[in-house]
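Chemist: So the chains spell out like this:
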Amino acid sequence: MTAPAAPARPAVAAGPAASRVRRPARPVALTATATVIAAILALPLIFLLIEASGSGLSEDSRLIFRELTATLLWNTIRLTVVVTALCAVIGTAAAWCVERTDLPGRRIWAVLVVVPLAIPDFVVSFGWASLSSWIAGFRGAVIVMTLAVYPLVYLPVAASLRGADPGQEEVARSLGTGRVRTFLRITLGQARGAILGGCLLVAMVLLAEYGAFEIVGYQTFTTEIFTEIGAAFSLPAACALALVLVLLSLVVLAGEGLSRGRGRVSRSGPLAQRVSPPQRLGRARLPVLAGFVLLTGLALGVPIAASVYWMTSGVRPSLTGVPLLAAAGYTALYGALAGLLATLLALPVALLAVRHPGGLARRLLERSTYLVLAIPGVVIALALSYFTQRYLGGFAYQTGPLLILAYAIMFFPLALVGVKASLARAPVSLDEVARSLGQTRLAVALRVTLRLTGPGLVAAFCLVFLSVITELTATLILIPIGVQTLATQFWAYETNLSYAQAAPFALVMIAVATLPSIVLGRFFNRSADPRMVT
Amino acid sequence: MTARRRGTTRLITLAALAIVAGLLAGCGNALSVSSSGSAQSITLYSGQHPQTTDKLVAAFEKQTGITVRTRSDDEDVLAQQIVAEGSKSPADVIYTENSPALEFLQDKGLLSAVDQATLSKTPARFSSPQGDWVGVSARVSVIIYNPSLIKASQLPTSVMQLADSKYRGKLALAAGETDFQPIVTSVLHAHGQAATVRWLQAIKANAAGHIYPDNETITSQVNRGAAALGIINEYYWYRLRAEIGAGSMHSKITYFAPRDPGYVIDVSGAAVLKSSTHQAAAQRFLAFLVSKQAQEIIGRDSLSYEYPVASGVTTAAPETPFGDLQPNPITIDELGDGSAAIALLRQAGLL
Numbered sequence: 001m002t003a004p005a006a007p008a009r010p011a012v013a014a015g016p017a018a019s020r021v022r023r024p025a026r027p028v029a030l031t032a033t034a035t036v037i038a039a040i041l042a043l044p045l046i047f048l049l050i051e052a053s054g055s056g057l058s059e060d061s062r063l064i065f066r067e068l069t070a071t072l073l074w075n076t077i078r079l080t081v082v083v084t085a086l087c088a089v090i091g092t093a094a095a096w097c098v099e100r101t102d103l104p105g106r107r108i109w110a111v112l113v114v115v116p117l118a119i120p121d122f123v124v125s126f127g128w129a130s131l132s133s134w135i136a137g138f139r140g141a142v143i144v145m146t147l148a149v150y151p152l153v154y155l156p157v158a159a160s161l162r163g164a165d166p167g168q169e170e171v172a173r174s175l176g177t178g179r180v181r182t183f184l185r186i187t188l189g190q191a192r193g194a195i196l197g198g199c200l201l202v203a204m205v206l207l208a209e210y211g212a213f214e215i216v217g218y219q220t221f222t223t224e225i226f227t228e229i230g231a232a233f234s235l236p237a238a239c240a241l242a243l244v245l246v247l248l249s250l251v252v253l254a255g256e257g258l259s260r261g262r263g264r265v266s267r268s269g270p271l272a273q274r275v276s277p278p279q280r281l282g283r284a285r286l287p288v289l290a291g292f293v294l295l296t297g298l299a300l301g302v303p304i305a306a307s308v309y310w311m312t313s314g315v316r317p318s319l320t321g322v323p324l325l326a327a328a329g330y331t332a333l334y335g336a337l338a339g340l341l342a343t344l345l346a347l348p349v350a351l352l353a354v355r356h357p358g359g360l361a362r363r364l365l366e367r368s369t370y371l372v373l374a375i376p377g378v379v380i381a382l383a384l385s386y387f388t389q390r391y392l393g394g395f396a397y398q399t400g401p402l403l404i405l406a407y408a409i410m411f412f413p414l415a416l417v418g419v420k421a422s423l424a425r426a427p428v429s430l431d432e433v434a435r436s437l438g439q440t441r442l443a444v445a446l447r448v449t450l451r452l453t454g455p456g457l458v459a460a461f462c463l464v465f466l467s468v469i470t471e472l473t474a475t476l477i478l479i480p481i482g483v484q485t486l487a488t489q490f491w492a493y494e495t496n497l498s499y500a501q502a503a504p505f506a507l508v509m510i511a512v513a514t515l516p517s518i519v520l521g522r523f524f525n526r527s528a529d530p531r532m533v534t
Numbered sequence: 001m002t003a004r005r006r007g008t009t010r011l012i013t014l015a016a017l018a019i020v021a022g023l024l025a026g027c028g029n030a031l032s033v034s035s036s037g038s039a040q041s042i043t044l045y046s047g048q049h050p051q052t053t054d055k056l057v058a059a060f061e062k063q064t065g066i067t068v069r070t071r072s073d074d075e076d077v078l079a080q081q082i083v084a085e086g087s088k089s090p091a092d093v094i095y096t097e098n099s100p101a102l103e104f105l106q107d108k109g110l111l112s113a114v115d116q117a118t119l120s121k122t123p124a125r126f127s128s129p130q131g132d133w134v135g136v137s138a139r140v141s142v143i144i145y146n147p148s149l150i151k152a153s154q155l156p157t158s159v160m161q162l163a164d165s166k167y168r169g170k171l172a173l174a175a176g177e178t179d180f181q182p183i184v185t186s187v188l189h190a191h192g193q194a195a196t197v198r199w200l201q202a203i204k205a206n207a208a209g210h211i212y213p214d215n216e217t218i219t220s221q222v223n224r225g226a227a228a229l230g231i232i233n234e235y236y237w238y239r240l241r242a243e244i245g246a247g248s249m250h251s252k253i254t255y256f257a258p259r260d261p262g263y264v265i266d267v268s269g270a271a272v273l274k275s276s277t278h279q280a281a282a283q284r285f286l287a288f289l290v291s292k293q294a295q296e297i298i299g300r301d302s303l304s305y306e307y308p309v310a311s312g313v314t315t316a317a318p319e320t321p322f323g324d325l326q327p328n329p330i331t332i333d334e335l336g337d338g339s340a341a342i343a344l345l346r347q348a349g350l351l
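Protein chains in written order, with the working numbering: chain A, 1 to 534; chain B, 1 to 351.
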């Protein structure tokens with residue numbers, strides 16, 4: 001036990017194996033790995049500081065403390081609060097209905113409710129904006145964004161409900177607790193961490209959103225950042241404003257941390273996981289079904305209808321571009337590799353956070369990795385341009401691998417939430433039990449930890465994959481010349497008024513997005529099978 | 001036991017690292033298009049529309065055998081990207097829709113001087129006074145209106161009249177669009193700072209609910225009747241017509257009164273990056289852009305609907321002939337990089 005560089009070993013806090021005398025080892029290797037990952041994720045922040053300091057403190061403060069800032073702040077905050085709340089309600093309710101009730105067609109709904117995440121924001125808002133001029137400003141932004149990002153709450157909550165012990169609900173019910181109270185006290189309690197994690201993602205994504213707000217004409221810090229770059233050619237000003245975004249996201253993170261800190265995260269033994277008879281919706285069945293039809297109708301129907309309308313309204317193709325299949329192939333390839341990389345990178349950080357909590361430094365390290373989500377993609381891509389060209393001699397610049405790394409950085413927090421939620425469900429005590437039964441460490445990792453965390457890892461992968469499909473601004477900067485993704489080719493057509501040519505790319509984006517959603521649904525169904533777990 | 005445990009963990013860590021490394025190396029071979037160009041290729045950062053660039057690039061490649069690798073994005077992002085990339089920028093040529101992005105790069109000292117022979121093909125008033133970029137084509141600002149929502153007789157003859165409250169709820173505006181700044185600069189030049197800010201505040205109020213991100217959106221929104229009128233560059237209207245067909249055009253375009261501050265010519269141009277390692281090939285591309293062949297492609301043989309400005313080439317119908325236009329005679333130098341306009345747009349709360 002004297003090896004200074006002892007590899008990551010879970011600290012034994014409690015559980016059956018605690019009686020064996022072992023001092024909790026310092027997870028040196030794990031901490032080191034996580035620190036390196038956190039440092040890579042900090043690159044965009046460092047770039048922001050370098051650029052913002054370039055224009056001088058007085059210029060920065062003039063930019064930040066001007067009249068417009070108050071408007072931007074108010075716009076950004078009220079939108080974030082309202083949309084996050086709506087997403088929490090819709091995402092949680094949908095997840096509960098799909099996972100815990102006898103809702104007809106659960107498997108199909110499980111796929112359909114996730115797909116909206118992969119419809120590009122600019123397609124969604126253009127679809128809505130072309131419906132009616134009523135969809136504009138704050139109202140338009142709330143509608144468009146809620147329908148676009150609620151799956152960020154749905155996915156983790158569904159995963160956590162799927163894994164949680166239904167026995168607690170049954171006990172509560174048998175003790176005479178009403179259905180509503182059981183839902184509020186037990187079910188929500190079990191899903192609390194997932195709901196908060198999802199809300200955190202929603203809030204951060206909203207802070208960095210651009211395309212949708214541009215189209216519905218809603219001004220936030222991020223649209224102003226694009227204006228600074230676009231109209232004023234002032235990257236320093238844009239970066240100074242982006243620092244305000246980072247401050248806002250610190251507030252969001254602190255808020256989430258505080259609400260998570262209160263109360264105990266209920267964790268039942270995963271081995272108790274089993275299939276329970278779904279709750280009967282009874283008379284609520286029809287209204288709930290209608291709700292699902294409405295939700296997916298609005299979130300999917302409007303953009304799909306708009307795409308079909310575009311496709312049929314064009315006269316003739318006027319521009320050349322890459323074939324649909326090639327763009328779809330690159331999109332899927334980049335998305336899959338980025339999903340894999342982000343999930344791998346998230347593992348050490350999540351392990352450290354879940355299995356070695358405590359220690360302010362480690363907590364801060366983990367929390368710091370969320371900030372990147374609130375930084376607009378264009379800034380992250382320019383940061384990578386800056387660092388690779390200046391310090392790596394342009395190594396791998398504008399190649400596939402760097403683009404994949406950029407995606408992994410941008411969407412790291414999405415993966416982290418998924419991985420963390422699933423690790424929390426695989427208590428270290430189980431590892432200890434397995435090891436005390438003579439299993440090797442590798443076998444424990446594969447047979448216990450991986451099996452229990454599997455659904456969460458797949459969720460993490462899928463979240464990143466879905467986000468990559470629609471990413472545009474960073475992709476345009478870093479994509480290899482001659483390669484197009486579905487999003488960039490869509491943009492190239494759409495921005496040049498060639499809507500008929502653009503529309504099929506939007507439809508294929510939606511089609512590609514259904515693949516991970518189906519996988520996600522199937523995987524969860526399998527892992528819920530008792531034979532697979534025990 | 002401790003040793004074995006440590007060994008296993010190390011094995012897992014190594015395996016994970018190997019997977020990541022293999023992944024990166026694998027993509028390096030399988031996915032990457034090599035980022036270093038050969039002697040026979042140049043990299044073009046293009047903010048221009050493919051309607052204009054596609055045929056030009058193809059003709060240049062055919063004529064010279066030099067491959068052009070094009071990266072398309074908004075020109076302002078491309079300009080920032082070039083700054084961020086610094087002296088190792090892969091870009092050889094930048095080609096933009098508007099002059100401010102080129103003026104910005106010129107002010108940063110990132111552009112090479114354009115060959116004198118190339119500059120001489122374009123009238124001096126359409127190129128950089130300093131000689132670091134050359135004008136290739138031009139567009140003109142027009143009023144787009146929907147006749148079912150506003151009569152031609154109610155249209156303004158001056159851009160200043162757009163401040164009139166009778167246009168409230170009718171006007172569409174894209175204040176963040178790079179095409180709008182030259183108009184603001186032009187108004188500033190004609191009427192001074194205080195009047196320009198008042199004017200901006202008034203049109204902002206008139207355009208409430210119809211503030212759009214770009215000219216394309218103004219064009220399609222006015223065409224479908226979401227707003228009654230707006231200011232655009234003429235080529236967006238022609239392109240929309242080419243896209244959806246004359247039968248679906250519910251809008252018309254018209255001009256401001258001669259020499260009105262709202263009647264502005266916007267110049268599209270190109271430049272060679274100082275950091276380019278293919279200076280000769282890059283200069284050849286610029287020379288090609290202003291050649292008779294390229295200018296005829298812009299004027300006649302593409303869906304660009306821009307006006308050719310070099311080598312004496314004039315455009316064909318349906319546009320008003322370039323020589324018949326009567327724009328405000330503001331110079332490229334006076335238009336500058338648009339920073340004065342930005343300051344006023346900010347003061348008026350439009351940015």
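Treat the hints as calculated values from the structure; they're not laboratory data. Certain hints may be false.
[What the hints assert, rightly or not] Among the chain B residues that face chain A by a calculated CB cut under 8 Å, a handful are:
(1) Q40
(2) Q81
(3) Q106
(4) L149
(5) K151
(6) L155
(7) D179
(8) Y212
(9) Y238
(10) L351
Note that CB positions come from ideal geometry on N, CA and C, so glycine has one too.
Chemist: Which of the numbered hints above does this structure break?
Modeler: 1, 3, 4, 5, 6, 7, 9
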